[in-house]
Amino acid sequence: FNWSGSWILWLAVISSLIGAGAALREKDIKRIIAYSTVSQVGYILLGFALLSKIGFLAGLLYFITHAIAKAGLFLGAGAVEQQYKERDINKLGGLMKTMPLTGIGFLFCSLSIMGLPPFGGFYAKLMIVLATVKEGHFFIAALAVFAAILTMLYLFRLFNGIFLGQGTLGRAPSKKWSMVGCVLFLGIISLVIGIFVSQVLELPNIAVANIFK
1 FNWSGSWILW
11 LAVISSLIGA
21 GAALREKDIK
31 RIIAYSTVSQ
41 VGYILLGFAL
51 LSKIGFLAGL
61 LYFITHAIAK
71 AGLFLGAGAV
81 EQQYKERDIN
91 KLGGLMKTMP
101 LTGIGFLFCS
111 LSIMGLPPFG
121 GFYAKLMIVL
131 ATVKEGHFFI
141 AALAVFAAIL
151 TMLYLFRLFN
161 GIFLGQGTLG
171 RAPSKKWSMV
181 GCVLFLGIIS
191 LVIGIFVSQV
201 LELPNIAVAN
211 IFK
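Residues in the sequence shown are numbered from 1 upward in steps of one, following this note's numbering.
Among the clues, some could well be false.
[Unchecked claim] List time: in silico EDC-like cross-link candidates among lysine to aspartate or glutamate, alpha-carbon distance up to 16 Å: (1) Lys91 - Asp28; (2) Lys30 - Glu81; (3) Lys30 - Glu86; (4) Lys91 - Glu26; (5) Lys27 - Glu86; (6) Lys27 - Glu81; (7) Lys91 - Glu81; (8) Lys30 - Asp88; (9) Lys53 - Glu135; (10) Lys53 - Glu202; (11) Lys91 - Glu135; (12) Lys85 - Asp28.
Simulated from the structure, these hints should not be mistaken for lab results.
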């Protein structure tokens, strides 16, 4: 096989679609986030597989933004499970009233992974799609956009199932404030990366420039 061929691009975008589709059907919080990781790694692979400067730069930025935001989601899921001993989104709901800081951090991390501005994930996802179009892979770029839409759907569903609505669970007796603080901190970092994306890209730019000397 020719590693510069388009087959690896197809592998990346299909992985992204399969992961997103699986996350959309799942009810378990941690399984949704795990399938989401499969989908987002497909996006990262797509950037690197383009074998272009902008593709590599986009892949590196996506790796950074995804690692931070996804850590926040896993910690948020852990905080919910630790307090309520429940992972089924159909049995949760209304936790924004009892876990507001966790909810805000979880929302910020979700918005970054969805690729919505002004969060860091927006610039990473946009750069990958534009790099794919620039290399002439228009249909693959369209599929990547569709995967991004699926990502919005399952993450909105996840956030809604956990934090919005009336809910039937009362206030939990205890909180791990270290975990809650980390979720909120990672959510804020996801926002800060988007606001200062030019500065964040300085080091990856140097790395990519050395790779493509």
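Against the structure, the hints come out as follows:
1. Lys91 - Asp28: holds (10 Å)
2. Lys30 - Glu81: The hint holds at about 10 Å.
3. Lys30 - Glu86: holds (11 Å)
4. Lys91 - Glu26: Satisfied, since the Cα-Cα distance of roughly 13 Å is no more than 16 Å.
5. Lys27 - Glu86: holds (11 Å)
6. Lys27 - Glu81: holds (14 Å)
7. Lys91 - Glu81: holds (12 Å)
8. Lys30 - Asp88: holds (9 Å)
9. Lys53 - Glu135: This hinted pair holds, its Cα atoms lying about 11 Å apart.
10. Lys53 - Glu202: Holds, at roughly 14 Å.
11. Lys91 - Glu135: Given pair Lys91, Glu135 is violated - Cα atoms ~46 Å apart, limit 16 Å.
12. Lys85 - Asp28: At roughly 12 Å apart (the allowed maximum being 16 Å), Asp28 and Lys85 satisfy the hint.
In summary, the structure is inconsistent with hint 11 from the numbered list given earlier, while agreeing with all the others.
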